Amino acid sequence: KLDAAINAILEEFNSPAGVGVAVVQKSSSGEWTVETAGYGITKIDGTKVTGDTLFSIGSNSK
Numbered sequence: 051k052l053d054a055a056i057n058a059i060l061e062e063f064n065s066p067a068g069v070g071v072a073v074v075q076k077s078s079s080g081e082w083t084v085e086t087a088g089y090g091i092t093k094i095d096g097t098k099v100t101g102d103t104l105f106s107i108g109s110n111s112k
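Residue 51 is where the sequence shown starts when you use the numbering used here, and the numbers rise one by one after that.
Hint data in this document are derived by calculation from the structure and do not stem from the laboratory. Everything numeric in this text was worked out from a predicted model, so none of it was measured. Fair warning: there could be bad hints in the mix.
[As the list claims (entries may be wrong)] Keeping only pairs whose Cα atoms sit at most 30 Å apart, straight-line, the calculated DSSO-like set for lysine-lysine is:
no., residue 1, residue 2
1, K112, K76
2, K93, K51
3, K98, K112
4, K93, K112
5, K51, K98
[Stated by the list, open to error] Computed Cβ-Cβ distance ranges for the label pairs, DEER-style:
no., residue 1, residue 2, range
6, S79, S109, 19 to 29 Å
7, D53, W82, 19 to 29 Å
8, S65, G108, 17 to 27 Å
Quick reminder that beta carbons are idealized off the backbone N, C-alpha and C, glycines included.
Please take these sequences and the hints and turn them into a complete structure.
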């Protein structure tokens with residue numbers, strides 16, 4: 051579901067921009083799972099975003 055939703059948004063806006071997504075979930079046994087994924091590209095040269103791609107967030111944390 052998440053893959054389809056993000057790809058649809060990127061298509062709708064005709065954007066090659068990259069986005070990294072992390073989903074963190076706690077199971078009923080108390081264990082945490084983390085899934086990461088990357089979508090789009092990071093640079094004009096076509097480097098693809100991965101779940102490990104670092105982004106500069108600038109002032110977004112204010």
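Taking the hints in turn, this is what the structure says about them:
no.: 1; hint: K112 with K76; verdict: 28 Å, holds
no.: 2; hint: K93 with K51; verdict: 26 Å, holds
no.: 3; hint: K98 with K112; verdict: 28 Å, holds
no.: 4; hint: K93 with K112; verdict: 26 Å, holds
no.: 5; hint: K51 with K98; verdict: 21 Å, holds
no.: 6; hint: S79 with S109: 19 to 29 Å; verdict: 39 Å, violated
no.: 7; hint: D53 with W82: 19 to 29 Å; verdict: 21 Å, holds
no.: 8; hint: S65 with G108: 17 to 27 Å; verdict: 19 Å, holds
When each numbered hint is compared with the structure, a violation occurs for hint 6 only.
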